[in-house]
Amino acid sequence: MPLIDSLRRGVGSALAAEGRVVVFALALAVAAVSGVGFFTERVGGALSARADDMLGGDLLLRDNHPLPEVVASEIETLDLQFVSLLTFPSVALNADDDSALVSVKVVEAGYPLRGELATSTARFGGESLTGDIPEPGEFWVEERLLSELGAELGDTLYVGSLGFPVTRVITYESDRGGSLFQIAPRVMFNRADLAAAELLGEGSRVRYTTQLVGDVNALETLQESLSEQAHPGLRVETVSDARPQVQNSLDRVGRFLGMAAMLTVLVAGAAVAVSLQEQVARASDEAAVRRAFGATHREVLLRVLRLLGWQAALGIVIGLVLGLALQGAISSVLSFLFTTELPAPGAGPVIAGAATAIVTLAGFGLPAVLGIQRVPVMRVLRKEMGAPPPAAWAVIGSAVLALAVLLLWQARDVVLAGLVLGALLGATAVLYALAAGLQWLAGRVAGNLRPGWRFGVAAIARRGAAGRLQLTATGLGLLSMLLLSTVGTDLLRTWQRELPADLPNLFLVNVQTDAADDVQARLEELTGDAVEIYPMTRGRLVALNGTPVTPEDFPEEARRTVGREWNLTSSETLRADNIITAGEWWEPGAQVSEVSLEDELAVRMGVSLGDTLTLRVAGVDVDATITSLREVDWDNFKPNFFAILHPSVREGLATTFMTSVRLNDNQRDGAVADIVRDYPGVTALDVRSLIERISGLIDAGASAVRYTLVLTLLAGAVVLIAGVQASTAVRVRESALQRVLGASRDEVRWSVLGEFATLGAAAGIVAAVVATLAGQLVARLVFDVTLTPSIWPLIVGPVGSGAGLALAGWLAARGAASQPPGVLLRRL
Amino acid sequence: MEHTVLQAQSLSKTVAAPHGDGPDLSLLDDVSLSVSAGEAVAVIGPSGAGKSTLLGLLAGLDQSTDGSVEMFGASLNALDEDGRAALRRGRVGFVFQNFQLLPGLSAQENVKLTLELAGTANSDARAAEALAAVGLAERAQHVPAQLSGGEQQRVALARAFAVKPQLLFADEPTGNLDQATGETIADQLFALRDQSGCALVLVTHDSTLAARCDRRLVMRGGRLDAAD
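Keeping their order, the protein sequence lines are chains L and Z.
Residue 581 in this note's numbering sits at position 581 of the first sequence; the count goes up by one each step and never skips.
Residue 169 in this note's numbering sits at position 169 of the second sequence; the count goes up by one each step and never skips.
Source of the hints: derived by calculation from the structure; they are not laboratory data.
This one's a predicted model, so the numbers in the text were calculated from it and none came from an experiment.
Think of the CB as a built atom: it goes at the ideal place given N, C-alpha and C, for glycine as much as any other residue.
Worth double-checking, as some hints may not be accurate.
Claimed, not checked - Listed next, the stretches of chain Z that the computed footprint assigns to chain L, with coverage defined by at least 3 CB atoms under 8 Å from CB atoms of chain L:
#: 1; stretch: 25–34
#: 2; stretch: 186–192
#: 3; stretch: 198–212
To be verified - Each pair of labels, with its calculated beta carbon distance range:
#: 4; chain 1: L; residue 1: Thr786; chain 2: Z; residue 2: His142; range: 53 to 63 Å
#: 5; chain 1: L; residue 1: Ala391; chain 2: Z; residue 2: His142; range: 16 to 26 Å
#: 6; chain 1: L; residue 1: Asp5; chain 2: Z; residue 2: Ala211; range: 49 to 59 Å
#: 7; chain 1: L; residue 1: Ala391; chain 2: Z; residue 2: Ala137; range: 29 to 39 Å
#: 8; chain 1: L; residue 1: Ala16; chain 2: Z; residue 2: Gly48; range: 43 to 53 Å
#: 9; chain 1: L; residue 1: Ala391; chain 2: Z; residue 2: Ser148; range: 45 to 55 Å
#: 10; chain 1: L; residue 1: Arg9; chain 2: Z; residue 2: Gly48; range: 48 to 58 Å
#: 11; chain 1: L; residue 1: Ala16; chain 2: Z; residue 2: His142; range: 26 to 36 Å
#: 12; chain 1: L; residue 1: Ile791; chain 2: Z; residue 2: Ala137; range: 45 to 55 Å
#: 13; chain 1: Z; residue 1: His142; chain 2: L; residue 2: Leu15; range: 31 to 41 Å
#: 14; chain 1: L; residue 1: Ser818; chain 2: Z; residue 2: Ala137; range: 33 to 43 Å
#: 15; chain 1: Z; residue 1: Ser148; chain 2: L; residue 2: Val321; range: 46 to 56 Å
#: 16; chain 1: Z; residue 1: Ser148; chain 2: L; residue 2: Ile791; range: 15 to 25 Å
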């Protein structure tokens, strides 16, 4: 079977000696890129579909008017799937004419296009996902409306001209969106009943929403054409406008995975560079003999290229299998999150993986490989004559070019790719300079050490440029491992902090002033802990520095916020989780008309300290001067406010109170119902479902991060092995001579251990210091999290890498110590 | 009478036939010899006669199947690898046909290697001296690839004599060199030996070179034929 024979020979030659390292390094690079690709495409796609859930579609169009005809026909032309919804505030009545403000949602078949609607057929009963919408002639409502109106399932409620029985309780609407505290309880009914409701009169505050799903390109085309056409009032929303907690988590997962994949490729590239140099040196004997017998330069080169072809092919195949396994593992961890099957893996990541292998091999290995043509034929006579080493500019230039291509392709952003490349080159330059410094130092101190160790340390000084390359590659590998571990671990920790165990799962709003103390006392008794209760009033910005303003007077990015009613609170003291970034918090006891504004909003609005805001609260205008700006942690699920008024400003304004607590099911049982019954105005918002779903997302991101970390750690280990293996031949030869000349086995062992342990520890120290500094920068600039400084990398780095390298070096060179010197000499 | 530095009794070495087919292969058969302090002994014979095998056994680089070797009065058979290495350290020098210089090290570093092993103080200065003695002071910082074959062998001579050995093993020291260079190397080898007064075991098939030794032993088919 000639085919099988040649396959076996090809695979065999590809996996001989250093070839194994090349293949494995390529496989890891391919696995990282394809695994992350598979993840982004499948799980990431499904995850962002989760964020789409928040919209109810891939794209959302909102307007205060029905969708313009021209837009509707364009949607049809583009073959996009869509549903239309109407939402508006209204009043619901029970049979006794008790009323409650409600938020009506009118839906049609197909709603929601993305996301979930969960309902229950019993009050406080188990929820289940539904693909249905209310039948004509029925209402679905939120539990708190039933509480407010003292109604039961099956009772008839009245909205507009409609009087329908309530048939289900809505427990979760993934596209509910908006602030939790502004929403009146939901009443949902079928669009078929809209006309009969007679609710859409002049001046009604209806919002028309169109949820769209479909081909990504078609959606982009629609977005572009909408931005070109002028449709005043029509707003386009995408995933990035969805709930910030989710978006932040998704962005961070994406950025981390991209960075991990690129670092894995870089580290694998370093391993390829080191190993190929050795592979070419080994192939030089054969090349010289072939040339002596008449082979041309081209034939010699082709032979090596064929070998590389086999290695690339094997690396790609193994890498893709690993990549598939990786994403399979992630997907299975996440399976609970997805009710539907994930889409099958596409060809994209396969092509990306293969391209990565080829670019990595070419970029990091080509200069060394091309050198095979320059092996002098004289080598058949003088073994020490090898090909001149490739020019430094060629090696560096080609690696930089390959990295630039890969980074640009991964980041799709010239500036970002440039920054990362610059940082990598900087780190490499620092490592190389430190390697040179270490060699100098080793030469100075070696003489003072005990014999075995002395040879090892002296050897570091003797290795020259090859040694510096090895040390730099080792350092880069360690740096990547430490950087990703510290940043990754901290990201995970940050996410866990975003959803701490004591996260509030119940919000009580509209607590009247006379009820506030009692509600607070009851909750404190229930939880056995202090419960904060915040005064809250709602107001709209009507003037700035005495001049009347409308949202249109502000930059685009501030209009939405300015146009809304703000939740205002007041406080004598500054909350611990708010940080003053400009100005000063007011002195206690002062009587001042001051307001503290969230700093990012101030930037968006273009206002600053000293500006005076006029806020209209229930028809009363109050002035307040901005005297401080605050950083607010919006991700903490606590009641947060754009504006905090000085208590004297709030005096006399209509105020209610709100609070948030975490209650377990036992505490919740009955107690909340009692509060709501005793104080009918109080609205209880249960966010258990929401928290559960967000924590699912965060778990998904966390597993993706953990799996990718493992890959990078493996790649780092490979580069260490490559470095060790690259110099094994020289070390075996040295060890053999040392033995012949009278060194004991122990001395040879100590020599090898000394050299590698010193190298590893030195590379570990440098990598740990650089990783600690870089980690702080990366965490702040790229991931927007604060990295807790830790001493561990500085301990684990040097100790781990010293021990690891010493072990790897010892395993590679152990033959030299265990065989009789005569046998070794014959092999030299 | 001069004392004996090296004595071999009935040395034999056999190896298993390739792939285990057929009887064991005899490389060396019942060889006995002794070398006195300061004496130069040549072992001559055709290729494949077992000269290098004998040298390996005499130097304790390999172990015999049978027989015994005593070096400086100590039985090599009674010593383990490390013991034999310790015995050689600083007292035994080597010169090889293919030089066996470490390619990554400069000439001076190659020489320094043996001095470091012997624990010699001022190894840098001593290495420089040894190189100067073979006329290579100017080439001390060159790596082997930058040196000619003759120069490489001179570095090997400097390395061998730097530790002032009592016994020197030379395996075809001129075998890889042209006649003129070979003669220069031989001259330097014997000059350095005369200076140091060490014993020499020289394996060669060059009868002219062998003639410069005090005694010649001829090997054929793994046996020591007769004294020449």
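These are the hints, each one checked on the structure:
1. 25–34: Coverage by chain L is violated for the stretch 25–34 of chain Z (0 residues, Cβ < 8 Å).
2. 186–192: Violated: only 0 residues of the stretch 186–192 of chain Z have a Cβ under 8 Å from chain L.
3. 198–212: violated (count 0)
4. L:Thr786 with Z:His142: 53 to 63 Å: holds, 56 Å
5. L:Ala391 with Z:His142: 16 to 26 Å: holds, 22 Å
6. L:Asp5 with Z:Ala211: 49 to 59 Å: holds, 56 Å
7. L:Ala391 with Z:Ala137: 29 to 39 Å: Holds, since Ala391 (chain L) and Ala137 (chain Z) (Cβ atoms, about 32 Å apart) stay within the stated range.
8. L:Ala16 with Z:Gly48: 43 to 53 Å: violated, 31 Å
9. L:Ala391 with Z:Ser148: 45 to 55 Å: violated, 26 Å
10. L:Arg9 with Z:Gly48: 48 to 58 Å: With a Cβ separation near 33 Å, Arg9 (chain L) and Gly48 (chain Z) fall outside 48 to 58 Å, so the hint is violated.
11. L:Ala16 with Z:His142: 26 to 36 Å: Because 33 Å falls inside the window, the suggested range holds.
12. L:Ile791 with Z:Ala137: 45 to 55 Å: holds, 52 Å
13. Z:His142 with L:Leu15: 31 to 41 Å: holds, 38 Å
14. L:Ser818 with Z:Ala137: 33 to 43 Å: Holds: the Cβ-Cβ distance is about 39 Å, inside 33 to 43 Å.
15. Z:Ser148 with L:Val321: 46 to 56 Å: holds, 53 Å
16. Z:Ser148 with L:Ile791: 15 to 25 Å: violated, 56 Å
When the structure is compared with the earlier hints, violations turn up for hints 1, 2, 3, 8, 9, 10 and 16 and for no others.
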